[in-house]
Amino acid sequence: MLWLARATRRVFDEPAARSAHPSHGPHFAGYLADLLEPYGLAPRPPAGGQSYGEMAAALIADLVRPDEPVDLLVLAFAVPDVRPGRATATYLSHVCPGAPLAFAVCDQGVAAGFTALRIAEAYPDRRRSLVVVVEQATLHYDLPAPAPLPARHAGVALLCGDSGVARVSSVVVRRGEPVAGDLRPAAGQPYTGVWWALAGELADPTPRRVVVADHDPVLGYACSSTVDFVAPRRNGGVTGVRVGLGAA
Amino acid sequence: MTALEAVATYLPQRRVPLEELAGELDLTPMQVRLFRRFHKLSDVCRAPGAAPLDLLLAAVSKLDDLPAVRHRVRYVLWARTFPVVVPYPLNPLDTMCRLLGLDQAVAFTVTHHACATGLLAIDVAGRLLAGSPPDALALVVAGEKAFTHDARVVPETSVFGEGASACLVRHDGPRDRLLAYAVNQRGDFDDEVTTDTGRFQEEYQASLMAAIRAAVDRAGVAIDDIALVLPHNVNVVAWQRLCRRIGYPVDRVLLDNVPLTAHVFCADAFVNYQTARARGLLRPGDRYLVAAAGAGRGATFSAMVFAH
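Those sequence lines, one after another, are chains R and Y.
One point on numbering: in our numbering, the residue at position 224 of the first sequence is 224, and numbering is uninterrupted.
Add 1000 to the 1-based position in the second sequence for our numbering, that's all there is to it.
Chain R with its partners taken away, still in its complex shape:
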């Protein structure tokens, strides 16, 4: 059973610091040119853009205490960042307490964040997991097909595990019609918006059920999950957490 312990969210107003590195511009320009050429696209002069490594590292620093080792980190994104060839999640394994198994999921639009949460559910032996959903707003070429583009660089990190303030269940990703949800996704954040709203919900400890739902207009995924907030216990814990008493 997966529990949501804490979350953090952040907008990144500045471009990636890495963009100022002398080797970045030529390497990025070469990668882009080779990526676009087979599709008859041309790069636009690079201006701005964020790095998911920098964004996620900041979210980790906000959220994860040094004495709180993470066992699994799943990074979800849709729009490429300014370091398109980098194994960013492997870097994040280095900066995240616990040196977790870390990898990324993508090419799934809105559904990637839900798939990351579903993967966290699928690794019950990894006691503490971190789901990081990121989007950056700068594309260095014209869109070759219709798709949402974020209005800002934003990221949300969800710290999950075998205890927490809200129980996460029924994580569903499927093709189909949209599912009704309880949260209004943050505007201009097509890929992080619903997670941004969920992170905001954590400020309210009232016991309740929140249905997190979203739909990808391009790929046709309907995604949902239920998040049950439970009442805090007097001893600082929460009700609904199963406590082992030594009996098998």
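Among the hints, a few may not be true.
Covered by chain R, per the in silico footprint, the following chain Y stretches (three or more residues, Cβ under 8 Å) [to be verified]:
(1) 1085–1091
(2) 1108–1118
(3) 1124–1133
(4) 1136–1150
(5) 1225–1237
(6) 1297–1308
Source of the hints: derived by calculation from the structure; they are not laboratory data.
We put the CB at the ideal spot given by N, CA and C, even for glycine.
Since chain R is already given, all that's left is putting chain Y on it; use the hints.
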């Protein structure tokens, strides 16, 4: 226990000798000679004019059983070395699913373990299937284009060739059962953490050995019990050295494809599996090890032990 149900691979017919690629890869004649004589690299496969979608479709079309079982495919995973290989929002994986009648499956890419992502995808697929009906399947595909310099050559180590693989995975099954998976991630080799590429070369062997030993231990076997190693096809000399260090006979490492295909991104393991099957190198009950190292600004070393 995660199990492989079927494996298929595609290698383009066109083989290009390293000498013809020297200009494109920025290799001096001396570097070409070193690759050929020392690393035992010779040719790479290339499919000019083919897009990533074409490579994936070519491999999946060789899965003879897929049309009969496609209604059982719940997940489709693309194991990818390079996180970004087509302009956003183009999506060859989604297109592939629609063309193959897999448009009800949940499809996504797994990445950021560089060329070790193929092993990761098998593990993720098996775990996701845990909550599905027992006959549910996941399709794991791998295959990429040598589309940019980083996707063509690993300096002083290897060259990339084009090709693809397709593998049906079950949560549990009788064939090729996954006994153990170990990952040794080294984000400290990321280029924003260190520029000391020499340290990576020094620690490469020890890091891969650590993953192999962890997988063997978790599988409850000894390294001597491993009948065959299916390596990543980066080069021959790295495996000769590693075998000396771990005391494993190099003639039980399937290195025959290195000069024929070079390093086919995440598809190496599956290409080598096909060769092993075709040559009868795996007998029922054999324990075999699949190993991969991915260096893509950060490094991941992975190993899996299977029972055939």
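Results of checking the hints against the structure:
1. 1085–1091: holds (count 7)
2. 1108–1118: holds (count 8)
3. 1124–1133: holds (count 5)
4. 1136–1150: Our answer is that it holds, as 4 residues pass the Cβ test (under 8 Å) against chain R, meeting three.
5. 1225–1237: With 0 residues close enough to chain R, the hint is violated.
6. 1297–1308: Our answer is that it holds, as 4 residues pass the Cβ test (under 8 Å) against chain R, meeting three.
Checked against the numbered hints above, the structure breaks only hint 5 and satisfies the rest.
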